[in-house]
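Participant: Here the protein sequences come in this chain order: A and B. Numbering of the first sequence is given in the working numbering, commencing with residue 1252 and proceeding in unit increments. Numbering of the second sequence is given in the working numbering, commencing with residue 1252 and proceeding in unit increments.
Worth flagging that the hints you see were computed from the coordinates, not collected in a lab. Check before you lean on any hint, since a few could be wrong.
What the hints assert, rightly or not - The calculated BS3-like cross-link candidates involving lysine-lysine, where the alpha carbons are at most 25 Å apart (straight line), are:
1) A/1550 / A/1302
2) A/1527 / B/1302
3) A/1302 / B/1527
4) B/1347 / A/1347
Number of protein chains: 2
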Amino acid sequence: MRFDVTILGSSSATPIYNRNPTAQALNINERFYLIDCGEGTQQQMLRFDIKSSRIDYIFISHLHGDHYLGLVGLLSSLHLNGRKKPITLFGPAHLKEIIDIQFLYSETTLHFDLVFVAINPLQSEVILDNQDVIVETIVLDHRIACTGFLFRQKKRLRKINKEKVEELGVPVEYYSALKRGVDYFAVNGTVHPNSELTNSPDEPMAYAYCSDTLYNESYFEKIAKVDLLYHEATFAHDMLERANTTHHTTAWQAGEVARITGAKKLIIGHFSARYKTLNELLDEARSVFPNTELAIEGKTFVIGT
Amino acid sequence: MRFDVTILGSSSATPIYNRNPTAQALNINERFYLIDCGEGTQQQMLRFDIKSSRIDYIFISHLHGDHYLGLVGLLSSLHLNGRKKPITLFGPAHLKEIIDIQFLYSETTLHFDLVFVAINPLQSEVILDNQDVIVETIVLDHRIACTGFLFRQKKRLRKINKEKVEELGVPVEYYSALKRGVDYFAVNGTVHPNSELTNSPDEPMAYAYCSDTLYNESYFEKIAKVDLLYHEATFAHDMLERANTTHHTTAWQAGEVARITGAKKLIIGHFSARYKTLNELLDEARSVFPNTELAIEGKTFVIGT
Chain A
1252 MRFDVTILGS SSATPIYNRN PTAQALNINE RFYLIDCGEG TQQQMLRFDI KSSRIDYIFI
1312 SHLHGDHYLG LVGLLSSLHL NGRKKPITLF GPAHLKEIID IQFLYSETTL HFDLVFVAIN
1372 PLQSEVILDN QDVIVETIVL DHRIACTGFL FRQKKRLRKI NKEKVEELGV PVEYYSALKR
1432 GVDYFAVNGT VHPNSELTNS PDEPMAYAYC SDTLYNESYF EKIAKVDLLY HEATFAHDML
1492 ERANTTHHTT AWQAGEVARI TGAKKLIIGH FSARYKTLNE LLDEARSVFP NTELAIEGKT
1552 FVIGT
Chain B
1252 MRFDVTILGS SSATPIYNRN PTAQALNINE RFYLIDCGEG TQQQMLRFDI KSSRIDYIFI
1312 SHLHGDHYLG LVGLLSSLHL NGRKKPITLF GPAHLKEIID IQFLYSETTL HFDLVFVAIN
1372 PLQSEVILDN QDVIVETIVL DHRIACTGFL FRQKKRLRKI NKEKVEELGV PVEYYSALKR
1432 GVDYFAVNGT VHPNSELTNS PDEPMAYAYC SDTLYNESYF EKIAKVDLLY HEATFAHDML
1492 ERANTTHHTT AWQAGEVARI TGAKKLIIGH FSARYKTLNE LLDEARSVFP NTELAIEGKT
1552 FVIGT
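If we strip away everything but chain A, and leave its shape as in the complex, we get:
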């Protein structure tokens, strides 16, 4: 099952020429889960060939413009392109007002259902549980209410050993039971233990998205041992005071978060416009947590690799 994330934007509040505000497209089993939607996200999706028609869920972390200003444009384009399938949108309660007032004055009535789910900013909650994934909020520490998102794959079914079942002539109707771990009783009375006919499923993977936030241990437990951690790293550590004032994290601190919470891999992003190149931030995070990568726009990270 696909479980990967493509970076659509990596800048913080003010974009620079080659960096767009925050957005990520998470592909889970060929459906897109869009995380944040900064201005220009629909253009970035065109650029990197992410089909917006395949977005089923959108998650908005908070109401600073660099995390949501592309949303009304994206929804409008989906509408104009004939979308009929619903979209579920998770975000701060006031986001609904912001969207409604703009569609009101543009006299737009969407042709699809926009199911809005207001996020409780005060405590972590499961906000989505479907066949592929469970999504929980992460309470972050920013200047305004802000939540991250933890995507944890569902435990998968066992995988059928095709060679073995064909050798034994197991009827296709039994496959579903085999995948659930049931033993196979052959017509001659022989019992074949499930473990002979199936292999263990892939371990469920977890992806945590943490932006924007002050370094704060309060959310560490929630993101413990994820396979991939995206954490903002707006500044280098020599700007710690500025990071504290603006409720952001330094690259060194992002490395610390990954190290302390036992992440397998770290991506840093949400870079301040002051950094024209990003080596300094990458080196700094790697000095604490070597398995760190930069959130390069257009790059896809397979979660668990």
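Starting from the structure of chain A, add chain B where the hints point.
Facilitator: For chain B alone, kept in the frame of chain A given last:
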């Protein structure tokens, strides 16, 4: 005096990869007048090196997202980049609400004055009159209230003939009067007619911006004989029915508007996403009005040439 317009976006409602929603930067005497501000306008300004710090006025034609969704992001970036100078924003009355609610929930208090002027959508009015230009609204015919903008340069002062005034030893203190057309009385009593010492100023030029609109003769008089006409041309003429339903113009009709109103030159833009290349639209408009150009993003048109 500079009087030119740079195209920042040329797509209609849904952007395509290489075309952004509508925005134009009009440079009048080294100050920028931004006309419409579709999503991604601030990124386009970075791309084409249009200094957003030099924007003094912003004009929003109507409240369809492809004409204003970049505005809150642009204002936020100006704020974060330390702007102190006021900006005057002209637009539909409800635009103020849309901006206010977003700054309210992001807890943003701009460090500069945003002077909002609500446009009367029902009749043409002078909305700005400064040392360089007079701006009037053009009442267009769209699905929701929409106004175009007519920028007419102020009549300039006469130009001093440097050689002649130096030859006669005219004191510098007289220059300002000479520019206003006053004759020169030399100390020996001789009267030098102003026409001997100065040359006629450049003729004031006019630029009309018409987007979005149905072809409708009601606005033709207002834009008569402009030096440069920008007119939307969302569709080719074989899509006339669709143009009528959606209150847009075809390329053939845009050519007709330029021909009938006596424009000197026409730029067409606001192209539907269905046109991957634009030759068809250009050829069609030129078949009626030969001096037509496409609104190519990044291209600057000097008004009056």
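Participant: Determine for every hint whether it applies to the structure shown.
Facilitator: Status of the hints after comparison with the structure:
1. At most 25 Å may separate the alpha-carbon atoms for a hinted pair to count; residue 1550 of chain A and residue 1302 of chain A meet this at roughly 15 Å.
2. This hinted pair checks out: residue 1527 of chain A and residue 1302 of chain B have alpha carbons roughly 18 Å apart, not beyond 25 Å.
3. As the CA atoms of residue 1302 of chain A and residue 1527 of chain B are separated by approximately 18 Å, the hinted pair is consistent with the 25 Å bound.
4. Only pairs whose Cα atoms come within 25 Å are accepted, and residue 1347 of chain B paired with residue 1347 of chain A is accepted, the gap being roughly 18 Å.
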